[in-house]
Every structure is written in C-alpha cells, then in structure tokens.
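Chains as they are written, first to last, in the numbering used here: chain A, 1 to 395; chain B, 1001 to 1361.
Think of the hints as simulated: they come from the structure by calculation, not from any bench. No experiment lies behind these values; they were computed from the predicted model shown. Note that CB positions come from ideal geometry on N, CA and C, so glycine has one too. Treat each hint with caution, since some may be false.
Said to hold, decoys possible - Label pairs and their in silico Cβ distance ranges:
#	chain 1	residue 1	chain 2	residue 2	range
1	B	Leu1351	A	Asp18	41 to 49 Å
2	A	Trp39	B	Ala1251	21 to 29 Å
3	B	Gly1272	A	Ala304	50 to 58 Å
4	B	Pro1320	A	Gly189	56 to 64 Å
5	A	Leu33	B	Gly1305	30 to 38 Å
6	B	Leu1047	A	Asp161	41 to 49 Å
7	B	Asp1090	A	Asn48	36 to 44 Å
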Amino acid sequence: MKNQNIDSRPAGPKPWYDPQVRSIFFQIVAISLVFWAGWTLVDNTLSNMESRGISTGFGFLGESAGFGIIMHLIPFDATMSYGRTFFVGLLNTLLVSAMGIVTATIIGFVVGVARLSTNWLVAKLALTYIEVIRNIPLLLQIFFWYFAVLRNLPSPRQTMDVGDWLFLNNRGLYMPEPFAQDGFGLVYGALTVAIIGTVALRRWSRKRQLETGEIFPVFKVGVGLIVGLPVIAYFLAGQPLQWEIPELQGFNFGGGFVIIPELAALWVALSLYTASFIAEIVRSGILSVSKGQTEASKALGLPANLTLRLVVIPQAMRVIIPPLTSQYLNLVKNSSLATAIGYPDLVAVFMGTTLNQTGQAVEVVAITMAVYLTISLLISLFMNIYNRAVAIKER
Amino acid sequence: MTESEVQRPKKALAPVKWIRSNLFSSWYNTLLTVVIGYLVLTSIAPLMNWLFLEATFTGAEPSDCAGEGACWLFINQRLNFFIYGFYPDDLQWRVDAMFILLAVAFVPQFIEGFPARKWLGIFGLTGLPVIGFFMIPGGLFGLEPVESSKWGGLMLTLILAYIGIIASLPIGTLLALGRRSEMPVIRGLSVVFIEVWRAVPLITVLFMASVMLPLFLPEGMSFEKLARALIGITLWQSAYMAEVIRGGLQAIPRGQYEAASALGLGYWKKMGLVILPQALTMVIPGIVNTFISLFKDTTLVLIIGLFDILGTVQSTVTDPAWQNVAVEGYVFVAFCFWVFCFGISRYSQNLERKLDTGHKT
C-alpha cells in the first residue's frame, strides 16, 4: 500500500514548482525586461534627438568652447576646446575636495576629541557645534558664507590688508605668488635629501629601540631636517625666489595668487559641515576602545600622550575608517554644490555651461556621472587598502 | 582629554566640587575654561542684542528696520511666500489641512503610549499621500486646480522629502531583497543600480532628471519640472534606502529564515510575513536618518529652478526693496531646518536605544 503510493507519485515536483527552473525563468524575465527598457530608452532618445536636431557622438569635445572660466589650474581661455573645459572643471572639483578632506579631517578630529574632554565647557561647546552644524543643510551654509559673509567684505578699493602684501576683499584673498628663479633646484634637492634622510633615520631608530630600548627623538629631528635643510639651501643659492605682490589696478587687484570667494565659501562650508559628522565618528571610535585598554597601558607606565598615540588611536581607527570613508565620499559628491554659487567645478562648467551650449545632454551627463563613479570607486579602494592595514589581524 | 569617557558629575557632588573637577581640574583645563569662557561670554551679548534686543519685529515697510539688530520684519512680511510659495491665498486652507493631517499622523509617534499610535503612523504612510494627491494639486471633486509651478516654500520642501521617502520605501525594499537574492542576475542588477546611484551626487541626478528625462520619454509624453525632480529624488533615495534595509535583512538571524522555510512558506510569504516585518522594524532609526539627510538635500532643487523654502528666501534676499537681509533670511531657514532635523534625530536616537535589545548573537 505504502509502496504503491510512492510509486504513483511523479518522480519530482512539477517543473514550474522546481526552484531551479523558477530561478532561471525569473532571471531570463529580468534580463529581457532590462533589455527592453534599455532599448526603448535608446530608441526614444535617438528619435527625440533627431527631431530636435541634436547630433550624437563625442565630436563636440574638440570644438572651441567660447566661454571663459574664472578659475583654472591649467591654462585656459575661450578659444580652447570643450574637452579642455572638462579637465578644468575636474581639476577644480579635485582641488576643493582635497582641501576640504584635509581641513574637515583636522577639525573633525579636534572636535571629536574635544567632545570627550573632561572640561565641561569644552565638551559642551563641541556638542553645540556638532548639533547645530549637522542639522542645517549644506547648501544653506554655502549660501551663508558666500552671500552673507564674503560678499559683504569691503570692495577692492577699501580692501582690508595685512602689511602691504596680503589683501582681503569681496573679490578674494590676494597673496604674493612666488616664482622660482635659477638655482631653485638646489632647494628641491635639499628637500629630497631631507625626506630620504628622515625615512632612513626612522628605520635606524626603530631598529635601535628594538635592540637596546633607547628612544631617539625621530619626530623632532625629522622636522628639523625637512624644514632646516631646504632653508639653508635657499639662502646658499642666494634666495632664488621672486615674489609677485598683488596690486590694485583700476577696480580690481592684479597679479599674485588669489583664492576666489567662491572657492573660499565652498571650502569653509564643506569643511565645517563634514567635520561635524567626522567628529561624531571619531567620538564613537574612541569610546569603542574599552576602558581596560587605557588602564592596561597606564599600568604599563605609559604616559597619557603615548597611551593615546600607541593604544587608543590605533584601535579606534578600526572603527573610524569605514564611516570616515563614506564621509569623504559625501564630501566629494557635495562639492558639486559649487554650481549654486558659481565656483567652476565639474558640474558647473561641464554639466552646466558646456551642456547648455552644446545641447549634448546624454554624452555630458554620462561623462560626468562616470567621473563621480570613478572618484568614488578610487576613494573606496584606497580607504579599503588602508582599512585592511589597520584592521584586526586575527591570529 | 585623553580619557576615553566623559566624567559625569555625580548628583551628590557639591557645586563647588563639580566646578573644580569639571572646569579647573588642571592648569591647562583652567586656561581653556578661562579663554573659552571669555570668548563665549563676549560673543553672547552682541548675538543676543542682534537676535532679540535691538531687532525689529513689527512694522509696515522696509524702512522700519532702522535699528542695529536683525530685521525680523522681513520674515514676518514674507512668511506667506516662504510657507506656500505662489499658492493662491484663498486656496491655502487645503495646504493647511494637509499640514494638520501630517501633524496628526506623525507627532503622536514622538509621544510614548499615545492611543492608536501605530495606526496613525500607518495612515501617515498610506492614506495621507492619497489624500494629498487630491488636495494639493486639486482638479477633482470640485477643487480648483493649482499647477505645480505655483507650489513653493516650506510646503514644497515637505512634499519633496515626504514623497521621496514614501516612494523609495517599496523600491528600496525590492532592491534590498534583490541584492540578497540567490539569483545572480537579479543580484547583479540590484548591485549595479544601487552602487551607481549612490556614487553620483544628487545634483547630477537632478540635472539628469530635468535635462535627459524628456529625451528618454516617447514623443508627446512629458512631465512637469516638479515631477521630474521627484522621479530623480526617488530613484536616488531608493538606492540609499535599499542599503539601510539590507542592513536589517542581514541582522535577522539565519534561524528565522530557516524556520520560515521549514513551515513551508514560499519566498514572498517568507519575506512578507516573517523577515520583512522584523527587518523593517529594526531599521526604523536608519530610515529616519536617511529621511533627515533627504530633508536637508531637498534644498538642492533650487538649482534646477524650483522654489523650496531656501529658494523662496534666496529669491527675496536679493530683492532691492530690502537692504541686507540675507543673514536674517538664512538664519530663519536654518532655524526651520534645525528644529525639524534636531527633533527627528533625537527621536531616532531614542528609538535606537529602545530597539537595541533586539537580535544580538
């Protein structure tokens, strides 16, 4: 009876109940849906562009741009190509991102540590900073610095100055620009020697410390070398630097090195905003190191600063790195808000002006998105490598 | 400062002792206290003067703002524009009604033990958008239509953030399930979708939505600017939402998945009845946090020419009738955002603490 029952049943479940068959079926459906959607989009786009008289392809990159850009790290003028505007914008984006990452990290670490200070006033001040800044939209903060603070500085004619070489007005911060003369190579040479020497010194001192236990003040000597040697070389070579001092020419300053207000506003806002998030990350990282670790290092006789440097921070870094990475990524992406105040970053120059002039929406948007995707992937990659270096080594 | 924990004052401590141990414990702490205390005290007085004491609150025209302090009169006079944008005056009751419904649905969420709290929350996520869909644009049931180009101010900010979250919840859930799927094709597509959207700034997404979306659509079909922005925001937000929900899915112990399978539940029943209810509850704080960042990010729509609350203020601070009111305008907007974001983040922190007892392996 029992046997008969089993025999009369089909060998397996019906094909449409078989998970494997279902899975393959759904995947085929998904692929065909994606292809259908993609094909429809491409088809629509092509016919739309045809009816609007927009040509396709990347040929426009070679055409002359015909507009100026207020800030360029590589030589640029209106006769150069749209392709060049891309690089000008990209470099400006990278510049403000790099500046922002450095300052945001410094401010964030300082505030994060201050948040844990035993001094009540310092801790509360840090808390206030964090809670105020991170709950206000970044764009508003950029507007505040640009329109309310920097725009209200005096005009170039009533400029504020320090001595006769540093000028601050509503057109920017003007500084003397150094130009290297003959013989400046000596200074570069001295710097290279100093850096190599410091690295060698560090190796030697570490080896000596492991063998004898004696500590050599590498940091102080290293700083002395890296600063001292180039300075000596500079004077030996007969001060081969010429400074171009900014000067009032008509209504504006000319010459010298200038930080335009757009860059300054964006930089300040990005740094302060991101720092408030980094501070919280640093705080939770430090708190995650158990008290036993601090107590153990104190019991070993390490002074407070060495406890922090050798015990707490290395362990806190493991917790800090992953969220810090995403804050860096956010900062790079947020730098695109530049377009709201006219700082010529990638989005403002390329996705803004170039797109408007050429009408090549698809190509320009695709290139811009690809750039941000690449930057994101690169930062993630570097931070992952660093993370692997500091992560717990399970033995 | 090297201590890894803040020393909390004990209640029994006398004030003098507290001050000594928290402000003057060592020579550098004393120095810090004195310097920072001096800076704070000297800056508070002028700030208070500017904000309240010498500020102008009432009046009729810009010239009444003659004092040294802030010109709050400016905010006072333009408040209607900052809240409703160009929405017609006589129809603003519809927006007000939606504001009240929104408050009825969500304010109780902050109050412990409010009756029918859960049902009000569910209404806020399902019924409210439907009502809003009829109330705000009008055009049906005898309501006079108001085109979306007239919407603006705080109302637009709330609409963008609210719809962005509501619409991205189901899409984000599907993407999160897709990313944890065992089918390689589904998983790959979800990963690519999520990572691409997460890697690009919202501005490029908004640009794309406003410039490229018209090209993607078949001829004759078109969306308004607001709808295009909403599509962009929703797609972008659902990628973030997917990652939050994935965190919840991963935190559910294997036993739950296995138990559901052992009961003979199919995939959708397993997810819908066992896994998702637990996972979604667990990630409510995360969802609230993404809501806060989306709420702040909605200000970006002013770049593509929509008038959210920052956009309305930005467009009026340049009004020649008012001189130098930029700071007042920005402080006003900052205050609005701060109240919302700070309140909601406190709520999410409380919730996190309450839910912390959940699954720990």
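Status of the hints after comparison with the structure:
no.: 1; hint: B/Leu1351 x A/Asp18: 41 to 49 Å; verdict: holds, 43 Å
no.: 2; hint: A/Trp39 x B/Ala1251: 21 to 29 Å; verdict: violated, 39 Å
no.: 3; hint: B/Gly1272 x A/Ala304: 50 to 58 Å; verdict: holds, 55 Å
no.: 4; hint: B/Pro1320 x A/Gly189: 56 to 64 Å; verdict: holds, 59 Å
no.: 5; hint: A/Leu33 x B/Gly1305: 30 to 38 Å; verdict: holds, 34 Å
no.: 6; hint: B/Leu1047 x A/Asp161: 41 to 49 Å; verdict: violated, 28 Å
no.: 7; hint: B/Asp1090 x A/Asn48: 36 to 44 Å; verdict: holds, 40 Å
Against the hints set out earlier in the document, violations occur for numbers 2 and 6.
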